[in-house]
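S.K.: As given, the protein sequences belong to chains A and B, one line each in that order.
Taking this note's numbering, the leading residue of the first sequence gets 1, the next gets one more, and so forth.
Taking this note's numbering, the leading residue of the second sequence gets 114, the next gets one more, and so forth.
Worth flagging that the hints you see were computed from the coordinates, not collected in a lab.
These numbers come from a predicted model, not from an experiment.
Don't take each hint at face value.
What the hints assert, rightly or not - Where chain B lies over chain A, by a calculated footprint (3+ residues, C-beta under 8 Å): (1) 12-18; (2) 100-109.
Said to hold, decoys possible - Facing chain A, according to a computed beta carbon distance under 8 Å, are these residues of chain B, among others: (3) K135; (4) T137; (5) Y145; (6) Y152; (7) F159; (8) K162; (9) I164; (10) K171; (11) N212.
Unchecked claim - Here are a few chain A residues that sit away from chain B, every Cβ distance over 10 Å (derived from the structure): (12) S1; (13) W7; (14) P8; (15) Q62; (16) A66; (17) D85; (18) L90; (19) A92; (20) S94.
From the three backbone atoms N, C-alpha and C, an ideal C-beta is built for every residue, glycine too.
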Amino acid sequence: SQTIHQWPATLVQPVGSPLSLECTVEGTSNPNLYWYRQAAGRGLQLLFYSVGIGQISSEVPQNLSASRPQDRQFILSSKKLLLSDSGFYLCAWSVHLVSTEAFFGQGTRLTVV
Amino acid sequence: AQSVAQPEDQVNVAEGNPLTVKCTYSVSGNPYLFWYVQYPNRGLQFLLKYITGDNLVKGSYGFEAEFNKSQTSFHLKKPSALVSDSALYFCAVREGNFNKFYFGSGTKLNVKP
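Bound-form chain A, shown alone (with noise of 0.2 Å):
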């Protein structure tokens, strides 16, 4: 069965530090990606997808970046973070058919202070 595992489930940064935060999942190939932000426990922004290692797209301008170095593994990165980028994260997945739902992590609680 395919899993997907996102971490550290929190984190607390210092404005101005870099972010690194990983997701990877396992039991299946060639995932679409994505990573969300939820922003004071209500709606998720769509901050990056991927439909294929290398690929990136990018939904909306912004602090953040987004790689897929491996099949199964998409990671966000900041260089600098600002209090804005304070959040709850989920990384999903889903398959390329049209009629199949996403898969969420468990999400990352960052913290900016």
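We have chain A; now place chain B onto it with these hints.
M.R.: What follows is chain B alone, placed relative to chain A:
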């Protein structure tokens, strides 16, 4: 462009009563619609989906959803609410061409004993 709207920030219902969480959608082409549930500080869990076929879709934990093409709605329902159903519920639509999922703003369901 695809989008979904959840008009209610919060729904309150007594345990044992039926519940409805509303969702309307806007899509170009065939709608691929999903419902997810989120418990505090957790990832989203898939409940059910509409792809094609019967307008009444049954999912996990006794939930079901009714697809209405004329009203462009996909409301989540449950005949008898449980206190443990209290959570944040998201409606989502999948954009076929680009494999993206768009989520509504979420509805907080409160089930009181």
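S.K.: So, for every hint listed, does it hold in this structure?
M.R.: Status of each hint after checking the structure:
{"no.": "1", "hint": "12-18", "in the structure": "violated (count 0)"}
{"no.": "2", "hint": "100-109", "in the structure": "holds (count 8)"}
{"no.": "3", "hint": "K135", "in the structure": "violated, 15 Å"}
{"no.": "4", "hint": "T137", "in the structure": "violated, 15 Å"}
{"no.": "5", "hint": "Y145", "in the structure": "holds, 6 Å"}
{"no.": "6", "hint": "Y152", "in the structure": "violated, 10 Å"}
{"no.": "7", "hint": "F159", "in the structure": "holds, 5 Å"}
{"no.": "8", "hint": "K162", "in the structure": "holds, 6 Å"}
{"no.": "9", "hint": "I164", "in the structure": "holds, 4 Å"}
{"no.": "10", "hint": "K171", "in the structure": "violated, 15 Å"}
{"no.": "11", "hint": "N212", "in the structure": "holds, 5 Å"}
{"no.": "12", "hint": "S1", "in the structure": "holds, 14 Å"}
{"no.": "13", "hint": "W7", "in the structure": "holds, 12 Å"}
{"no.": "14", "hint": "P8", "in the structure": "holds, 13 Å"}
{"no.": "15", "hint": "Q62", "in the structure": "holds, 17 Å"}
{"no.": "16", "hint": "A66", "in the structure": "holds, 14 Å"}
{"no.": "17", "hint": "D85", "in the structure": "holds, 18 Å"}
{"no.": "18", "hint": "L90", "in the structure": "violated, 6 Å"}
{"no.": "19", "hint": "A92", "in the structure": "violated, 8 Å"}
{"no.": "20", "hint": "S94", "in the structure": "violated, 7 Å"}
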